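J.: These protein sequence lines map, in sequence, to chains C and V.
Residue numbers for the first sequence follow this note's numbering, so the first one is 1 and each next one is one higher.
Residue numbers for the second sequence follow this note's numbering, so the first one is 1 and each next one is one higher.
No lab work stands behind these hints: they were computed from the structure.
Be aware that one or more of the hints could be misleading.
[To be verified] As a list, the in silico DSSO-like pairs of lysine-lysine whose alpha-carbon atoms are at most 30 Å apart:
(1) 259/V - 125/C
(2) 285/V - 125/C
(3) 184/V - 234/V
(4) 125/C - 387/V
(5) 125/C - 218/V
(6) 125/V - 387/V
(7) 337/V - 310/V
No experiment lies behind these values; they were computed from the predicted model shown.
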Amino acid sequence: MEIFIQQLVNSLSVASVTILIGIGITLIFGLAGIVNFAHGEFLMVGGMITWFLVTSGLNFFAALLGAMILVGALGFIAERGLFRFTLERPMNGFIMSIGMSVILQHVVIRIFNEVQKTIPDPIGKVWVIGGVDIIAMRGVVVALTAVVVAITYFGISRSRYGMALRASIADQDTAALMGIPVRRYVTGVFVYGSVLAGLGGALMIALFPITPFTGSVVIIRGFAVSLIGGLGNVGGAVGGGLLLGLVDGLSAGYGFPEWTDAYSLVVMIAILIVRPQGLFGGTLGPRST
Amino acid sequence: MKNLKFGALLMTAALTGLLAQLSRAADEELKIGVVAAESGSFVSAGNTIVAAAKLASQQINDGGGVKVGDKTYKINLYIRDNRTDVNVTIAAARELVNDVGVKAIWGTETHDFSVSMAKITGPAKVIQFSGNSSLGAVLDDKSVAPGGWLHYTFQSEPQEWQRSGSTAKGVLSLLTPLLAHAPKHSVVFVGNDATGQYLSSHYVKALEAEGQTVDLVKYPPDTTDFSPLLTRVKGMNPDIVHFWYNGDSTLTAFPQALKLDVSPAYFLFGVDPGIYQQRQLRSDKPVTMSCVPVCWGSSPYPAVQDYFKKYFDLGASKGPQSSVSLLYYDYFFMYAKALEQVGSIDKPDAVVDALLKMSYQGVVSPVPLTFNPHHQVTFATEVCLVKPNTSDQFNCTVEQPPPAPPAGDSGG
Chain C
1 MEIFIQQLVN SLSVASVTIL IGIGITLIFG LAGIVNFAHG EFLMVGGMIT WFLVTSGLNF
61 FAALLGAMIL VGALGFIAER GLFRFTLERP MNGFIMSIGM SVILQHVVIR IFNEVQKTIP
121 DPIGKVWVIG GVDIIAMRGV VVALTAVVVA ITYFGISRSR YGMALRASIA DQDTAALMGI
181 PVRRYVTGVF VYGSVLAGLG GALMIALFPI TPFTGSVVII RGFAVSLIGG LGNVGGAVGG
241 GLLLGLVDGL SAGYGFPEWT DAYSLVVMIA ILIVRPQGLF GGTLGPRST
Chain V
1 MKNLKFGALL MTAALTGLLA QLSRAADEEL KIGVVAAESG SFVSAGNTIV AAAKLASQQI
61 NDGGGVKVGD KTYKINLYIR DNRTDVNVTI AAARELVNDV GVKAIWGTET HDFSVSMAKI
121 TGPAKVIQFS GNSSLGAVLD DKSVAPGGWL HYTFQSEPQE WQRSGSTAKG VLSLLTPLLA
181 HAPKHSVVFV GNDATGQYLS SHYVKALEAE GQTVDLVKYP PDTTDFSPLL TRVKGMNPDI
241 VHFWYNGDST LTAFPQALKL DVSPAYFLFG VDPGIYQQRQ LRSDKPVTMS CVPVCWGSSP
301 YPAVQDYFKK YFDLGASKGP QSSVSLLYYD YFFMYAKALE QVGSIDKPDA VVDALLKMSY
361 QGVVSPVPLT FNPHHQVTFA TEVCLVKPNT SDQFNCTVEQ PPPAPPAGDS GG
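Please model the complete structure; the sequences and the hints are all you need to start from.
T.: Below is the structure:
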């Protein structure tokens with residue numbers, strides 16, 4: 001029984017990191033209409049920045065803030081300098097982002113080298129409750145993810161900016177006629193998604209070592225989560241992340257362990273066949289009439 | 001006056017000719033290819049091959065070059081990045097063999113890539129040194145015989161049953177005195193790729209030969225969050241968890257295992273004491289680790305210390321794979337010695353014979369290196385125990401390989 005409860009706790013922590021990645025992707029893909037395959041590398045860059053700042057003597061939480069700001073700036077440059085020119089041709093943007101992911105990997109190797117990077121656990125405590133081990137830093141990741149989800153959800157569904165953003169998605173021409181700066185909103189969403197990637201990278205390196213190639217691994221799960229939940233749907237990303245976390249945790253514990261990744265992807269394929277719009281429904285970026 | 005002018009002209013011509021001759025002699029080039037991942041996911045393994053090749057060739061050239069017959073050759077490396085892509089590897093091998101005309105190739109880092117290269121180097125009679133122990137599955141009497149497709153291929157890593165045997169023996173001998181009871185149940189935790197499957201099949205047999213009951217748990221190779229898998233392992237109540245291949249995954253999984261209190265003892269394959277120290281890892285449970293072929297972090301051998309000082313001074317990274325560089329370094333000197341013995345760089349069959357007869361005292365092992373008839377090298381394994389609750393206090397032992405494969409292990 002203890003092992004089963006431990007697996008449920010593990011599932012929640014696996015889900016948290018995945019949800020953070022998934023929210024960034026679902027916003028950028030679903031709301032801005034940009035398929036950024038380099039989003040995983042943005043996360044990796046966030047982790048590397050955190051590593052650099054922490055090993056330079058900075059406190060982890062200050063380094064986390066630094067990673068969010070710098071990856072946000074990277075997102076701003078990428079959107080304004082690259083993706084802005086592909087908004088009318090998303091496939092070009094997609095291919096460009098694949099190239100960008102490889103370039104970012106090798107820029108990081110050039111600057112920091114290829115060796116795996118890690119930092120000491122910022123909290124370093126394990127709580128044992130009823131025979132179940134709860135790693136304190138994972139608890140922090142779950143809590144931070146919950147805060148990010150709440151801010152993002154209410155920002156989109158309740159704020160004036162969120163309403164304008166949703167109007168841009170529904171019909172960008174009409175929204176523009178109403179005085180909504182649609183392009184600026186696209187940039188804003190892209191930068192916000194990038195900031196979340198920076199946060200995800202910082203939290204990830206607090207839990208696991210990362211390499212310049214970590215991004216290319218996590219991106220698949222990020223896209224799976226956002227597609228399962230429904231593109232552009234923050235609640236969907238949370239639901240998708242929890243579902244994949246549960247599948248991962250339980251399949252690793254009770255199925256063929258070497259198939260762990262496959263189980264999650266089978267679930268994604270099944271959902272996309274039955275509900276192509278995702279479990280919670282989604283969008284496909286700003287539409288012009 | 002005329003005669004004087006003629007004499008000066010003659011002398012100038014003779015001097016020019018002499019200088020040209022000398023210059024030609026100085027320019028004799030021994031072309032050696034290196035195919036390794038300098039980008040892509042195998043970059044940490046690939047960079048070790050390149051760094052070792054650069055260090056070895058630099059030392060040989062600085063020492064006057066390779067003296068073959070009445071000529072002296074300077075090694076020129078032709079390094080190709082295979083981008084961790086088998087197709088790029090094949091293209092690079094073709095270019096090096098057909099266009100550049102290399103006499104030997106070092107690389108690559110994985111089984112499939114090395115085998116693909118051997119299909120090109122073999123027919124062209126180009127000597128190939130590859131580190132993968134998994135080549136043992138294809139190096140046999142027929143394939144290495146003259147005319148065989150692997151006649152010119154040498155496996156610079158020991159046979160897997162040898163390494164597994166010496167490692168299992170070393171790990172158990174170091175851990176047993178520290179445990180409450182003699183360990184009986186081992187769980188081998190391994191990445192589910194071709195190399196992981198091959199390596200673990202031998203290691204499981206080696207542990208069974210030492211009296212262990214073994215469970216094998218395979219994980220997807222790109223796993224970062226190991227907590228669900230490690231919880232499963234914890235539920236098996238192991239006496240020892242063996243993280244077997246590869247170093248980077250082990251360094252990701254091991255700290256998670258410590259936090260989840262998975263086992264009373266651990267073995268980390270491919271994790272160097274130097275990395276353990278660098279990461280400031282600490283465990284209240286006994287932890288052993290081993291390196292291929294010898295550790296850079298705590299080696300008692302002056303030759304090894306000297307090698308790694310020079311290796312890192314060249315700018316190579318300190319990673320879990322750094323020790324692997326030695327699998328490639330020593331063989332430059334063996335190859336150079338074989339060329340000197342043969343007296344020509346253009347007699348590859350004679351070079352193969354010379355390599356097979358050679359006993360060479362390299363850096364990797366206290367005993368001289370020799371190739372067996374299947375073109376595989378033999379050397380010992382270094383296993384280290386870290387004192388509990390420390391990151392930098394190691395007790396290392398060198399285990400010689402067993403004389404024969406254990407029951408149920410075909411050896412290949």
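J.: Which earlier hints turn out false for this structure, listed by number in ascending order?
T.: 6
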